[in-house]
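Enquirer: What follows is the residue order along each chain.
There are 2 protein chains.
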Amino acid sequence: MRDLLAITKALADENRLRALGLLRGRELCLCQIIEVLGLAPSTVSKHMSILHQARLVESRKEGRWAYFRLADDDAPQEARQALGFVLGNLKQNKQAKADQQQLKAVLKMEPEELCRKQANCQC
Amino acid sequence: MRDLLAITKALADENRLRALGLLRGRELCLCQIIEVLGLAPSTVSKHMSILHQARLVESRKEGRWAYFRLADDDAPQEARQALGFVLGNLKQNKQAKADQQQLKAVLKMEPEELCRKQANCQC
DNA sequence: TCTATATTTCGTTATGTGGCGAAATAACGT
DNA sequence: ACGTTATTTCGCCACATAACGAAATATAGA
Numbered sequence: 243m244r245d246l247l248a249i250t251k252a253l254a255d256e257n258r259l260r261a262l263g264l265l266r267g268r269e270l271c272l273c274q275i276i277e278v279l280g281l282a283p284s285t286v287s288k289h290m291s292i293l294h295q296a297r298l299v300e301s302r303k304e305g306r307w308a309y310f311r312l313a314d315d316d317a318p319q320e321a322r323q324a325l326g327f328v329l330g331n332l333k334q335n336k337q338a339k340a341d342q343q344q345l346k347a348v349l350k351m352e353p354e355e356l357c358r359k360q361a362n363c364q365c
Numbered sequence: 243m244r245d246l247l248a249i250t251k252a253l254a255d256e257n258r259l260r261a262l263g264l265l266r267g268r269e270l271c272l273c274q275i276i277e278v279l280g281l282a283p284s285t286v287s288k289h290m291s292i293l294h295q296a297r298l299v300e301s302r303k304e305g306r307w308a309y310f311r312l313a314d315d316d317a318p319q320e321a322r323q324a325l326g327f328v329l330g331n332l333k334q335n336k337q338a339k340a341d342q343q344q345l346k347a348v349l350k351m352e353p354e355e356l357c358r359k360q361a362n363c364q365c
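These protein sequences, in sequence, are chains Z and X.
Here the first sequence is numbered in this note's numbering, starting from 243 and rising by one per residue.
Here the second sequence is numbered in this note's numbering, starting from 243 and rising by one per residue.
Heads up, some of the hints might be wrong.
One copy or two, it doesn't matter: identical chains are merged, so the pair holds either way.
Claimed, not checked - Think about it this way: if two alpha-carbon atoms lie no more than 16 Å apart in a straight line, the pair counts; the simulated EDC-like pairs of lysine to aspartate or glutamate are: (1) Lys303 <-> Glu269; (2) Lys333 <-> Glu320; (3) Lys336 <-> Asp245; (4) Lys333 <-> Asp245; (5) Lys346 <-> Glu277; (6) Lys333 <-> Glu354; (7) Lys339 <-> Glu355; (8) Lys339 <-> Glu304; (9) Lys288 <-> Asp255; (10) Lys288 <-> Glu300; (11) Lys288 <-> Glu304; (12) Lys303 <-> Glu355; (13) Lys288 <-> Asp314.
For the record, the hints were derived by calculation from the structure and aren't laboratory data.
Quick caveat, the model's predicted, so the values are computed rather than measured.
Use the sequences and the hints to build the structure in full.
Expert: Okay, here's the thing in structure tokens:
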């Protein structure tokens with residue numbers, strides 16, 4: 243029951259559902275999720291940790307960056323079923339679509355932002 | 243998003259999951275659910291109302307009694323999918339099995355209790 | 001080594017939620 | 001009409017949770 247409850251509780255928050263929607267089909271860095279959700283880094287980090295504990299997302303650290311992706315085949319069946327359920331229902335969702343749009347912009351702009359911050363260039 | 247969230251929030255409570263498990267395959271009266279869950283009537287009534295608002299259960303009033311059953315084919319697809327997910331995972335669940343056992347006892351005893359209360363007999 | 005950056009942890013605060021009992025409501029039986 | 005019973009609504013309290021900023025941690029680069 244604890245596993246199932248961990249999953250349903252993880253899914254019972256709008257911002258966590260949005261994060262799952264963003265991860266559909268691609269791995270993302272925490273900072274990119276932060277950008278789209280528009281929440282404080284600490285808040286998003288906590289959200290991703292809750293999703294991870296429920297085994298709904300996998301995470302990986304590469305240097306300073308934390309990457310997240312949807313749970314894959316070696317995740318527990320409950321988690322995969324839950325993902326199938328929510329992702330299917332997010333497809334027609336207005337907020338999820340808007341997030342996808344904004345994610346596109348973030349994926350395009352992020353290099354520029356990196357450039358500005360790290361190299362002081364004028365791109 | 244509101245509908246989906248209503249569903250995931252409704253599922254994010256252990257006692258509501260237990261109630262759904264009890265309803266598998268049969269319609270139950272509120273008082274029977276109260277008996278198995280071991281919670282105050284007002285609490286269980288609230289739980290069932292939350293499940294109903296999420297369209298996960300149907301309800302019907304007959305005289306003084308309120309009956310609940312799992313959402314059927316004319317419920318929204320999201321609700322039916324969600325039910326499929328949780329009921330499937332409750333099947334192997336220890337608590338859910340124990341609840342089923344206790345439900346059997348309640349279904350057997352309830353008439354006796356009714357008898358004692360309503361007719362002062364000694365059955 | 002020192003600094004800057006990405007993330008996490010911690011402490012605090014505001015809000016949400018589950019629990020109960022008491023009171024209100026509705027419907028049955030006398 | 002009246003009392004009884006099943007349920008719901010309400011008010012309250014305890015606890016959980018989401019949000020933030022500040023501080024701690026970890027790592028890359030100068």
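Enquirer: Hint by hint, say whether it matches the structure.
Expert: Now for the hints, and whether the structure bears them out:
1. Lys303 <-> Glu269: within (12 Å within a copy, 50 Å between copies)
2. Lys333 <-> Glu320: between (20 Å within a copy, 12 Å between copies)
3. Lys336 <-> Asp245: So Lys336 and Asp245 pass the 16 Å test across copies only (12 Å; inside, 30 Å).
4. Lys333 <-> Asp245: For Lys333 and Asp245, the Cα distance is within 16 Å only across copies (14 Å; inside one copy 25 Å).
5. Lys346 <-> Glu277: within (11 Å within a copy, 53 Å between copies)
6. Lys333 <-> Glu354: The answer is neither: 29 Å in one copy and 51 Å across copies each exceed 16 Å.
7. Lys339 <-> Glu355: neither (24 Å within a copy, 55 Å between copies)
8. Lys339 <-> Glu304: neither (29 Å within a copy, 44 Å between copies)
9. Lys288 <-> Asp255: within (12 Å within a copy, 20 Å between copies)
10. Lys288 <-> Glu300: within (14 Å within a copy, 36 Å between copies)
11. Lys288 <-> Glu304: neither (19 Å within a copy, 47 Å between copies)
12. Lys303 <-> Glu355: neither (21 Å within a copy, 61 Å between copies)
13. Lys288 <-> Asp314: Intra 21 Å, inter 37 Å, cutoff 16 Å: neither.
Of the numbered hints stated above, those contradicted by the structure are hints 6, 7, 8, 11, 12, 13, listed in ascending order.
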